[in-house]
Structures are given as C-alpha cells and as structure tokens.
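Visitor: Take a look at the letters that make up each chain.
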Amino acid sequence: MRNAMSKTRRTLLEQTKLQIGRMSSLIEARARDVFGANQIMSADEISDFSVEFLELMVALFKTDNPLDHQTAEFKALQGFFSNVAKQILLRGGRMADFLRYAQFLQKIFIEALEGDESVDGDGVRAILLLLSNVFNELSLVVFESYLEEKERTIYAQQEELRETATPITEIWDGVLTLPIIGTLDSSRTMLIMEALLNRIASDRARAVVMDVTGVRAIDSQVSHHLIQMVRAVQLMGTDAILTGIRPEIARALTNLNIDLGNVTTRASLSDGLKEAFRRMEIHVSTPH
Amino acid sequence: MLQDASELGFHLTPIGNGQILLEPSQSLDVGDPGTLVVAILERLQGLRAATLSYDLAGLALIDDAYCRWLESLSNACRAIGVRMVCVRMQPTAAFGLAQTQARLPSFATALDVGLADSTFPDSQ
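Chains L and E, in that order, are what the protein sequence lines are. Residue numbers for the first sequence follow our numbering, so the first one is 72 and each next one is one higher. Residue numbers for the second sequence follow our numbering, so the first one is 1304 and each next one is one higher.
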C-alpha cells in the first residue's frame, strides 16, 4: 500500500517536473480566457498564480502521503486556494468559473500522464484517486471561502440596515429625535434602545423626542417595548417625550391597560420639540 | 465615633451649594443597608447637605438588590430633607433596569452632577 502511494506520487512528481513549462502555459492560457478578459486577474497575477500553484503541487507530491490533509504542504495549498478564491470574489468574479477552473487544473495533471507508458491500469486508478481527492478538498476550500464572503456581505448589509433603522438625530444641542417607523419587535427594540442609550451618554442629551407616527400597529408586546424604552431613557436622567400616537394606537393602548401616567406625550413631533425646548429653557422665536 | 467612610465602601465629597457627591466603591455592601444608611445620613447631616448626588458611573449593571438599596437610601434621605439624585447611570445599567423592573424606581436620576436640578421624576 505504502509502495503504491510512493509510486503514484513519484510518477506525478516526475511528470510535473518534466512538463512544467507546458503545464504552466496551459494554466495561464485558460486563466487569461476566464479571468483576464473581464479584468478579474492581471497578466502578472495569472503568471504568479501558475508558478505558485505548480510549486505547491510539487511540494505536496514530495510529502510521504499527499492525501494527509494535516501536513504543512497541504495546508499551504488550501490557504493559497482560499486566498485566490476570496480575491476573485471581491473583484466580482463568479465562483462557478473558479470551480470549473480548478477542474481544469486537475485535468492538466491527468493529461500530463498520457505519454507515460510505465503507468499501468492500477497506477492510473491510484493517480486519479489521489488527484480527485486533492482537488475535491480544494473545491471545498473554494466553496467555504465563497460562503465566508457571502456571510460577510450579509453581515455588512445587516449592520447598514441596523443603522438606517435607528436614525437618531441631534436636532438641537442636547435634544435627540428618534422617529420609529414600522414594526417594533423585541430584537429591534433592543437595537434601538442600545443605540439610543449610547447616544444619550455620548451626546449628553437632556431630552429625547420619540415619534411613533410611523408605527402602523401596536399590540401588548410592542407597547411594553415602548414603555421599556421610555423608562430606560428616564433612568439615564434624560427627559423622554413620546409623540405621534395616532387615535387608533391610543385606543389600543387603553384597551391593553397600558398606563402612560409617567410618560410625557405630545400630539406631534413639533409639539414634542417645543416641550423639550421649554424644559431646557430654549426660546425659539420667528422674526415678524 | 463615626466609622471611616472608606471602610464602609463609599466616599462623600462636598461639591458646593449644599450638594454632596457620593462615590461608592466595590466594597460597598448593600446586603447590610441598615448600617450604611445610618452612616451616610449622619454624615449628610453633619455636612448640612441639601442634595446627594449618587454616582453610578462605575456600575455597568444594577441588579435588584442594588436597586432596592438605592430606593431605600433615597427614601431615608427624603426623611431628613435631603434630595437624592442618581447621576451618570451607564447605558448598560439603564437598559438592564428597564428590562427587569416592572415600574420605574422611586429615586431621581440625572445625566450628570451639574444637571441634578432638572431630573426625573421631579420634572414630570
């Protein structure tokens, strides 16, 4: 078994060394077709890729067991593929193209054996098994890189959504406004509360006007979240003013036995701002 | 003879106009509020305090026991004519308290020491 492996990797090593120039030309030519045309990889990068890839493959064939995924040589090859895959993705390349290209790289090694008459049927089978094992693992690496990049993109989009979902504005020195639009569920309340409380601390806000004109419907959970938010603001020592409660929301709050006794409410955002200014003794006048 | 305040886990500093700043240390044992309240009130009277600003800047979280301690000290201060205001509550502490408490605590709060005059709940 050990001898068979030794023969397999020796054959691959010899043929790769013998035909390295031809293999390199083929690898570069295909890369130019796939990645060069749409500027995903430059000519220099394609050339570097070819050289490094063949060097890593030669290093792998020199190890006692090229199928051992724990060797430094195998890990180096995995790392190399992972980096290239990420780079291609970042530049707008398609993962399917890179996977097909990886299959092509495998084919190059198989074709290199065509002229070698010393390899019998068993030898060919062993070589094919070895190559398919190595390239399957590399395809997995490429796929994992693809998933990582996708997850990173989704996370970045979620972050952006979070920021746009909590548009806290300092409308006057020490006065923050927070228009709440859409549905207020537990996770969103947490996000808004966290952002709002940190903003109060950093801006040293004296008053917060929370406008719920954009809240379409309210149930016991949402109203509970609203009250929690107001409470947290008050605990920080900041005045909380709730504005824009539409009649149907007011009726729902009454039906739900929600006590707004401790909460300052005003009809509209502008009334809320006036109340905040009044408390802070800010006088705004219009010229006549 | 008064016990040393630092041994009890707090430090009182007069900051002018009858205002006293209380800074609790890690060793403050709120499990024994009786002794602490008496010790603090004796000092406040000695300093002719009108307002006590309780500094919460060092507390990332305020649990039930600490909340009860603040309420009991606030009530005791009221009994001797001193207004207690909790200042510099951390966002994490406010977040946690708002989630866990069914009602607003009875003590007043302010963003900072200088703002202790216009505070909740007195401003409502």
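Worth flagging that the hints you see were computed from the coordinates, not collected in a lab. Cβ coordinates follow ideal geometry from the N, Cα and C atoms, glycine included. One should not assume that every hint holds.
To be verified - Sample of chain L residues lacking proximity to chain E, with all beta carbon distances greater than 12 angstroms (derived):
| # | residue |
| --- | --- |
| 1 | R81 |
| 2 | L268 |
| 3 | T309 |
Said to hold, decoys possible - Here are the in silico distance ranges between beta carbons for each label pair:
| # | chain 1 | residue 1 | chain 2 | residue 2 | range |
| --- | --- | --- | --- | --- | --- |
| 4 | E | H1314 | L | A321 | 45 to 53 angstroms |
| 5 | E | D1367 | L | S258 | 45 to 53 angstroms |
| 6 | E | E1345 | L | G253 | 48 to 56 angstroms |
| 7 | E | V1416 | L | D330 | 26 to 34 angstroms |
| 8 | L | T142 | E | Q1404 | 42 to 50 angstroms |
| 9 | E | D1366 | L | S339 | 56 to 64 angstroms |
| 10 | L | D330 | E | D1367 | 15 to 23 angstroms |
| 11 | L | V355 | E | A1382 | 53 to 61 angstroms |
| 12 | E | R1371 | L | S258 | 28 to 36 angstroms |
Visitor: Could you let me know if the closest chain E CB is still more than 12 angstroms away from the CB of L268 (chain L)?
Guide: Violated, because the least Cβ-Cβ distance between L268 (chain L) and chain E comes to about 3 angstroms, which does not exceed 12 angstroms.
Visitor: Could you tell me whether the CB distance from R1371 (chain E) to S258 (chain L) stays inside 28 to 36 angstroms?
Guide: 30 angstroms, holds
Visitor: For the range 56 to 64 angstroms, tell me whether the beta carbons of D1366 (chain E) and S339 (chain L) fit it or not.
Guide: The hinted range 56 to 64 angstroms is violated for D1366 (chain E) and S339 (chain L), with Cβ atoms some 39 angstroms apart.
Visitor: Go ahead and decide if the range 42 to 50 angstroms is satisfied by the Cβ distance of T142 (chain L) to Q1404 (chain E).
Guide: Roughly 59 angstroms apart at Cβ, these two residues miss the hinted range, so it is violated.
Visitor: Taking the CB of D1367 (chain E) and the CB of S258 (chain L), does the distance hold inside 45 to 53 angstroms?
Guide: 25 angstroms, violated
Visitor: Starting from the hint 45 to 53 angstroms, judge whether the C-beta atoms of H1314 (chain E) and A321 (chain L) obey it.
Guide: Because 48 angstroms falls inside the window, the suggested range holds.
Visitor: Is the hinted range of 48 to 56 angstroms satisfied by the C-beta distance from E1345 (chain E) to G253 (chain L)?
Guide: Holds - the Cβ-Cβ distance for E1345 (chain E) and G253 (chain L), about 54 angstroms, lies within 48 to 56 angstroms.
Visitor: Regarding the assertion that T309 (chain L) does not contact chain E, is the least Cβ-Cβ distance greater than 12 angstroms?
Guide: 6 angstroms, violated
Visitor: CB of V355 (chain L) to CB of A1382 (chain E), is that within 53 to 61 angstroms?
Guide: The hint (53 to 61 angstroms, Cβ to Cβ) is violated, given that V355 (chain L) and A1382 (chain E) are roughly 42 angstroms apart.
Visitor: Starting from the range 15 to 23 angstroms, see whether the pair D330 (chain L) and D1367 (chain E) falls in it by beta-carbon distance.
Guide: The hinted range 15 to 23 angstroms holds for D330 (chain L) and D1367 (chain E), with Cβ atoms some 22 angstroms apart.
Visitor: For R81 (chain L), is the shortest CB-to-CB distance to chain E above 12 angstroms, so the non-interface label stands?
Guide: 64 angstroms, holds
Visitor: Using the C-beta atoms of V1416 (chain E) and D330 (chain L), is the stated range 26 to 34 angstroms upheld?
Guide: 31 angstroms, holds
Going down the numbered hints, you'll see the structure goes against 2, 3, 5, 8, 9 and 11, while the others check out.
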